[in-house]
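Residue numbers (the working numbering), protein chains in the order written: chain A, 1 to 397; chain B, 398 to 698.
In case anyone wonders, no lab produced these hints; they're calculated from the structure.
Please note that the accuracy of each hint is not assured.
[Unchecked claim] No farther apart than 20 Å at their CA atoms in a straight line, the calculated lysine to any residue pairs in the SDA-like style are these: (1) A:201 / B:489; (2) A:316 / A:243; (3) B:568 / B:512; (4) B:414 / A:208; (5) A:206 / B:461; (6) B:421 / A:213; (7) B:437 / A:205; (8) B:421 / A:208; (9) B:488 / A:207; (10) B:493 / A:205; (11) B:488 / A:50; (12) B:437 / B:406; (13) A:52 / B:489; (14) B:414 / A:329; (15) A:364 / A:207; (16) A:206 / B:493.
Model, not experiment: these values are computed from the prediction.
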Amino acid sequence: MDKTNRHFISGDDAVAFGVKLARPQVISAYPITPQTIVVERLSEMVEDGSLKAEYMHVESEHSAISAAMGVSSVGARAFTATSSQGLLYMAEGLYYASGGRFPVVMMNANRSTALPWSIFGDLRDSLSQLDSGWIQVYVEDAQEALDMMIQAYKIAEHKKVLTPFMVNLDGFVLTHTYEEVELPEQEMVDKFLPSFKTPNKMSLEKPMNMGFSTSPSDNMEFKYQQHKAMMDSVQVIYDVDKEFGDQFGRYYNGMIDTYCCDDAEVILLTLGSVTGTTRVVVDSMRKQGLKVGLLKIRYMRPFPEKEIQNVVKNAKVVGVLDKDISFGFEGTIFTNVNSALVRMQSHPQSYNFVAGMGGRDVSKADIEEMFMDLLKASKGEEIERVKFVNMGVEING
Amino acid sequence: MDNKTIQRINAKNITDKEFFYGHKACAGCGGSLAVRQALKVLGERTYSVLPAGCMSAVGFIYPQMAFNSNAVISMFPGSASMASGVAVGNKALGLKDTHTVVFAGDGGTADIGLQALSGTIDRDDRVIYICYDNEAYMNTGIQKSGLTPYGTKTTTTPAGKNLPGSITEKKNIFEIVAAHDIKYAATASVGYINDFINKVNKAKQVDGASFIHVYASCPTGWGTPTETAVEIAREAVDCGLWFLAEYEDGEFKLNKNPKEFKSVAEYLKKQGRFKHLTDEQINKIIESRDKKWEKIRKNWV
C-alpha cells in the first residue's frame, strides 16, 4: 500500500475527500454542527480548483435538497449534507427526492433532535426518516465514511435503483475524531464510478414534464415501483461492495457485518460507531469463555431482514442497542429487528437497550452490562424488555 | 440594460408555437394566459419550475402533460431553489442559452416561497421568477394570502358584521425583491399583455436573477365573468390599485403614470369578492391607494 495516500483526518474530512473523489457537479448545502467541516472543506476544494463543481450557498436545508433535486432533474450529479434539525427541516424534500427518483447523495451527521437542544450525537434524526424512501447506511469509522461516499453514487445512480442515498456518521464521535484514512487514487475512482447518466431527466433533446400529480388510479403503481427499486437495491449493494473491494481492497460485507457470531449464544445488534467499542468488549468477554457475538447493521433501508435471520438463527437471545427512542413504544431499530425475527419459524428472544442519547458515552462497561443481561436471559432469567442504560435518575414503576 | 438593442415583441412577431396547452385551467384564467405568453417569449430552450398552485395543478395531471418544453413541479416553498438547481446544474453540464423560469402564485411567492426566492436573488442565479398574482390561494379554494388586498372576501377572511373580509394590505413584494438590488424586476398585468411580454423579454436577457410580478385575474376566485378577465386586469391598473413599474440598474421606474384614475368603486363593485364593501371601506381603499401613489410619484418618477 502506498504510504503517501494515508492521511490522519477527521470523519468529516474523510467525507469531503470521498465526495471530491466522486466528482459531484453541484454542491448545495447549509451549515449545521457537526456537519460543518464537510461543507467548509468542499468550499475550499471548489475555491482552489481541485474540485470542479459549482457550490451553491443556499439559505436553508429546505433549499439545499430542493436545489439538489433541480440539479439532478437535468442529469447532473448533486451532493448535500446536513444533520439533526436540518434533516428534519428538509424532510418534505426527502420524500420528494425519492418519489422523483433523483439519486442525490447526502451525508448526515447523526445528532440529537430538540428539545432539549443538543448538538451531540444520537440517531433520532435519521431513524425518524426511515419511511422517506432514502437508502440509509450507517458507517463505523472514517475510512468506511469515505468509501461509502463513492459507493453511494454508484448504488443510487444504478438504473434499477435511482433512489437517493443517505450516508450516516455519528456526530462528533465519528465526524470530529481523527483517524488514519487511505485516500483512493482519483483515476481508480473514475474507473469505478463513471459520470452520471440517467433517462430520468429534462433535456433539450427530449423535453420532459416531471414531478407531476397522479389520480388514485395511478398513484399506487408509482409507489410500488419505488418500493421495488429499494428492494432491488439489495443486490446492487452486494455487487458494488464486491466491485469496490476487488478494486480498492476493502470489503464491507454488504448489508450487515458480523463478529464472532457463528457459535454465539447471545448477539448484540449495533449501528454506527458504537460497533467499534462493542468489538473490543466481545474480544474481552470471549477471553472469559463467554459466547457473545456482534451483528453490525449497516443498512437500515433497505432492511437486512434475511441477513439478520440467518445470523441469529442459532442464538438463544439477541439484544438491540438503540441510540434513539420512539416515544410510547421502544427503540426504532428494535421494532425493525423484531419484525424480521417474527417471520422466522422459531426465533430467539429479543431485548432492547436504549443508550447514548444526546451524546452520552456508551462505555465498554455499559456494553458489557448489556451482554451480561443477555446472558442472564439466555439462562431463563427475567430481564427488562426495554432498558434505558446508564440513566442518571432512578426509574420508579 | 440597453433597452434599444432588444427588439420589441408584438402580436405580429410573436411565435405561433404553443408551449402550454391542453391544460385544465378555468375559462378566463389570467394565470394561464401569463404562462402561455411568457413561454412564447422564452422559447424552446426553457425549463419551467412550478410550485404547488393553480398552474401546476392544471398542467401536470398524469398522463396528460400540458408543457411542451421542459417543466417540473417543485415543493411549495422550493420553486426558486429548485429553479436555481436546474440553472446551476445546466451550467455545470456546460449548457448555454437556456432559460429557467418559475411560475408561482401570490401565496407561493410572497408567503411560503419568500425565503427561497430571497436566496436565489442573493446568489444571482440565472432564474426568471414570474409571480402570477390572483390575490389569494385560488387552487385550494380562495384563501387569504400575503398579497390579498384589504377588504377582500375569501374563504378564510369572510366578510360579516365584524370584519370587512381581509384586514391587511398587500405585501410590497416588488419593493422587497428590489431591496435585494436584483438586476431586473418589474410589475405587469395580463390586462397590458404587450407590456408584460416585453418585460419577460427583458428578463430573458438578464445574466442573473430577475423577477416579474404580473397581476392575473381569476374569474372563479374574484366572482367576475370569464369574458372580462383581461378587461378587469386592465382596470386594476387604470384605477390605480395596481401599477406598472420596473427596477433596473438600481433605480425604480414608473412605466405608466395615469393623469386621472378610473373609479375604484366601479372596479370593486364588478367583483363578487368586493361586493360587500361599504362606502366607508371603499374610501379607506382609495386613501391607501393615494398614499402609495404619493410615494411612487415622489420616488419613482
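Verification of the hints:
Between the alpha carbons of residue 201 of chain A and residue 489 of chain B the distance comes to roughly 15 Å, so the proposed pair stays at or under 20 Å and holds. Proximity of residue 316 of chain A to residue 243 of chain A is assessed by CA-CA distance (about 35 Å); at most 20 Å being required, the pair is judged violated. Restraint check: the Cα-Cα separation between residue 568 of chain B and residue 512 of chain B comes to about 14 Å, which is no more than 20 Å; the hinted pair holds. About 17 Å separates the Cα atoms of residue 414 of chain B and residue 208 of chain A, which keeps this hinted pair within 20 Å; it holds.
A C-alpha spacing of about 17 Å is found between residue 206 of chain A and residue 461 of chain B, which places the hinted pair at or below 20 Å, so the restraint holds. For the hint linking residue 421 of chain B to residue 213 of chain A, the alpha-carbon distance of about 13 Å falls within 20 Å, and the restraint holds. Among the hinted pairs, residue 437 of chain B with residue 205 of chain A is consistent with the structure: their alpha-carbon atoms are about 19 Å apart, no more than 20 Å. Between the alpha carbons of residue 421 of chain B and residue 208 of chain A the distance comes to roughly 19 Å, so the proposed pair stays at or under 20 Å and holds.
Pair hint residue 488 of chain B plus residue 207 of chain A holds up; C-alpha atoms about 17 Å apart against a cutoff of 20 Å. A distance of roughly 14 Å separates the Cα atoms of residue 493 of chain B and residue 205 of chain A; the hinted pair therefore holds under the 20 Å criterion. Under the criterion of a C-alpha separation no larger than 20 Å, the hint pairing residue 488 of chain B with residue 50 of chain A is consistent with the structure, at around 18 Å. As the CA atoms of residue 437 of chain B and residue 406 of chain B are separated by approximately 10 Å, the hinted pair is consistent with the 20 Å bound.
Distance check on the hinted pair: residue 52 of chain A and residue 489 of chain B sit about 9 Å apart at the alpha-carbon level, within 20 Å; holds. For a cut-off of 20 Å, the pair hint linking residue 414 of chain B to residue 329 of chain A is broken: about 60 Å separates their Cα positions. A hinted pair counts as satisfied when its Cα atoms are at most 20 Å apart, and residue 364 of chain A with residue 207 of chain A does not qualify at roughly 58 Å. In summary, the hint linking residue 206 of chain A to residue 493 of chain B is supported, as the alpha carbons are separated by about 16 Å, within the 20 Å threshold.
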